[in-house]
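Undergrad: Position chain B relative to chain A; hints supplied.
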Amino acid sequence: MLNIAGFGRHVGALGAAPEDLRAQLLALGVSVRRVNRFIELALLGALRCRANGGDIGADAALYAAAETPMLNDCVKALRSTIAEQRPPTPFEFMNISGNMAGFYIAQQLGIGGPQLAVARRHGGLEAGFELLGISHRSHRRALLGCVDEGVWPLDEQRERLGLAADATLYESSHWFHIDADCATPLARVAALLPQAEYGAIETELRALPGGTRIALHPRLERDAPPLPATLERLPGHDLRGQGACAEALYRYLDSGAAGPWCHLSRGEDGLWSLLRAQPGAS
Amino acid sequence: MTRAVYLRGAQAHCAAGVDAGAIAATCRAATPAPADVRFRSLGNEIVLPYFRAAGVEAATPALAARALGDADRGTPRLGLYFGSSSAGIAAHERAYVEARAAGRDDFPIHSPDQSRSARRLHDTLGLRGPYYTLSTACSSAANALLYASFALRDGVLDEALAVGVEEENQVSQQGFFSMMLATRTRSRPFDARRDGIVLGECAAALHLSATRGAARWQLLGGASLCDVSHPTNPSPQRIADTIVAALADAGVAPREVAAIKAHGTGTRANDLAEALGLRQVFGDTVPPFTSLKPVFGHTLGACGALETAAFVACLERGFVPATAGFEEEDDELGIAPLRAPAPWRGGIVLLNYFGFGGNNCSLLLRELPPC
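Each protein sequence line maps, in turn, to chains A and B. So for the first sequence, the working numbering puts the first residue at 1009; every next one is plus one. So for the second sequence, the working numbering puts the first residue at 5; every next one is plus one.
Simulated from the structure, these hints should not be mistaken for laboratory data. Backbone N, C-alpha and C fix where the C-beta goes; we use that ideal spot for every residue, glycine too. Careful: at least some of the hints might be erroneous.
If you anchor each label on the Cβ, the simulated ranges turn out as follows [claimed, not checked]:
id: 1; chain 1: B; residue 1: Gly-59; chain 2: A; residue 2: Ala-1188; range: 55 to 61 Å
id: 2; chain 1: A; residue 1: Ala-1215; chain 2: B; residue 2: Ala-218; range: 38 to 44 Å
id: 3; chain 1: B; residue 1: Pro-374; chain 2: A; residue 2: Ala-1237; range: 54 to 60 Å
id: 4; chain 1: B; residue 1: Ala-252; chain 2: A; residue 2: Ala-1173; range: 43 to 49 Å
id: 5; chain 1: B; residue 1: Arg-216; chain 2: A; residue 2: Ala-1232; range: 40 to 46 Å
id: 6; chain 1: B; residue 1: Ser-115; chain 2: A; residue 2: Asp-1231; range: 19 to 25 Å
id: 7; chain 1: A; residue 1: Val-1040; chain 2: B; residue 2: Ala-252; range: 28 to 34 Å
Bound-form chain B, shown alone:
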């Protein structure tokens, strides 16, 4: 059995707001200003920009319920696919900080369970179908979408909820700082002066269904492949392989892709590999492409859900967003993202998501003609 998979609902809670219109408006605006995060490291105070969206954990059930709309939550044929990179580390961190502040001689992480967030969401929403927590670093939620679509396509499930959640935590902030991948200024994907990522937090949920209803988008397919060349730096070849596999899975020719949402982290290595990979697939006619990370920050494992929801929100409002703050082309890349919003006239879009551990994932969405 092979069935079409439709995107029936998308909701997000991020630094740009909670409403699709507000999120799209922020994507159209100039470079948003992130907040600060401060921590001490080896005796020094470190200040990094950060895209904060308070109350992510508390907001998740409500936004997931909104995304599901009137779907029957009690059916065992509705699956939950949960993607997160830090997967609950923020809660363990808060508990450890509180215990230490209270003077308790405590140890980190009680009752460890990486699936706890998904299980709680499953319980809160009253779901009765299967649930999965997928952890593939920054492509976690993208893989959640992809595997949800496989289940719908194969007829194993009829409805699916793909959720990405990433909460502020010190381990991630300090870890990226330690790896010298965090910029102290702002994220500049594909820019010659790019020097790292700005982190962010969010929750986002997408409702996929095997029935169209009022859906405007179809998830045509995608692919997820492992790149074993380096644990943290993707290779252009494997990015190209993943895009080619995704196009084949979706039955789409490169010339049919009308726009691309790049992963576009703003690090030297990622953007170079992605640009070269895109050129390898599309040659001299790379479709208009953009990165949304200057708007939301890099929301790590959740970006697959947030950026898919936000990109669709922009396209539905008639524009492909520019890469906020992009100024200076990098000759080494040979291509440049959109400097200004471009009109969207419908068609197929490619969305790229890459993660540590060589996890590359590409998805293809098609805007449907009105019902």
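Same shape as in the complex, but just chain A:
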């Protein structure tokens, strides 16, 4: 299991105009030029994680999960190249790289280990935990995040995502500091590899201690699978997109991680993902 040494986030409901993230970064003493909103958002969450959990370490790994990194700039680049016949500017183009947020976080936090952007629909954070678990022995520390960017105009974004015209949209940036050598971890987390059969998940769920609290991905809330009666189901939350699992884990940690916990999700591919955690002291 991976030791969680710190966590932090930025979450905001989207209003008519974008919130000024640059000002919030400046308030934290960070000024980064020529970056896009996705990078600002990622950086803001990562800085809050460091503020809560301390220095990450120069040899740490940095994994950023996002279903659609740099969506704002991708939309802008397509409009400029196709509709306006104007090449993207150099910074518009280079900032499209999904891993560029990781670059700026690594630069700000002095991180020099591997730096990956990872994507898996409805399971990006879990995918990050899976990859970290595999390589963790060579990288004792890591920063793992999940970033969901707001895109304006909001009506267009709702249509892009297939949401109702009155759906509230959020942007979020959740980050978790993982340290194998942390003497007093807040919690310990493990991701089960995705499973095609619910039976395998059910076996795992039945093996969890009685009273384990379970959070369901919003996609499962209305059509939950049969859950063992020994589990205590947690109420849902408003982040219904890719930040759903990260928000659930954040809330577990923020509440003091008092007992065992898990998060269950199922992707469009039919694969089940299970993230489980237990208090750090256990």
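TA: The following block gives chain B in isolation, referenced to the frame of chain A:
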């Protein structure tokens, strides 16, 4: 648990063809001639060379299936590691162009999902294990190979499919043009007259396994490190750090490396940093090295899969390919790539891949004695 990782199969679909023999033959030949790509920019018509390989998306499932051979696709212990830089932007671009051509007042990018290509491939192949989309710019597929090897090595998985896909799209072409990194002539890695990259498209797939079977190659290890000195220009020091970390991970001494497939993009900054980084690690005895990008173009996030497959195809046919079109040494680099194919007598090879965002990745492969 630490297990050996074997390369059981490699397939590619690129401008040089789809057959390993044809791809190796193109690598042995003189400089291939790319096609043209044309676009309008600020009222001017721009013409750039481009290595086109039609039908990349459609070809991917079949070549991935060929790479997997008789591996059990239904086992949950087979993972898919998908690397791409543009990751589906070509499909969004086509949809937007079609909508505009049809007179629809549309917006770019519907149902965004960077993992869609991997998910579709996963479904088409009937895979049941985990899948990951890794995006680290031009080292994406190299990282896919590296992380697949970690999972096999640790015993988390028994088989893995590492795939790199890059499709022609206007955003990438115009973006590199905008950054003044695209040459209008041809790619000349490590040459004194190099002036930029020529893009290309491809799909390539490699089957890694924890059991050898008839494999001729072992993936010994590698490393991926972040260089925070500049978002697009790598530093010699961090390239050297990455190679040193890869050698350590693989348990290989520098003197054991028999040949190097360089990243070798043909840009001023990348080739200078790579040459200085190689000299820092290998001193005055840099092993024979080459760049394959004059043959395939720079296939961006897919080059880690394509160039690994192609390099192995050449070595299996007894030669280390030359850097096609290389003519004039650059004194600032202090080293020069192969001008003519060199005989391959077996051993260990180093493969370098670097990407925007400071993503450096190095891999080490060893040719195995016959079974």
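Undergrad: Decide, hint by hint, whether the structure agrees.
TA: Here is how each hint holds up against the structure:
{"no.": "1", "hint": "Gly-59(B) <-> Ala-1188(A): 55 to 61 Å", "verdict": "violated, 46 Å"}
{"no.": "2", "hint": "Ala-1215(A) <-> Ala-218(B): 38 to 44 Å", "verdict": "holds, 40 Å"}
{"no.": "3", "hint": "Pro-374(B) <-> Ala-1237(A): 54 to 60 Å", "verdict": "holds, 59 Å"}
{"no.": "4", "hint": "Ala-252(B) <-> Ala-1173(A): 43 to 49 Å", "verdict": "violated, 56 Å"}
{"no.": "5", "hint": "Arg-216(B) <-> Ala-1232(A): 40 to 46 Å", "verdict": "holds, 45 Å"}
{"no.": "6", "hint": "Ser-115(B) <-> Asp-1231(A): 19 to 25 Å", "verdict": "holds, 21 Å"}
{"no.": "7", "hint": "Val-1040(A) <-> Ala-252(B): 28 to 34 Å", "verdict": "holds, 33 Å"}
Taken one by one, the earlier hints fail for this structure at numbers 1, 4, listed in ascending order.
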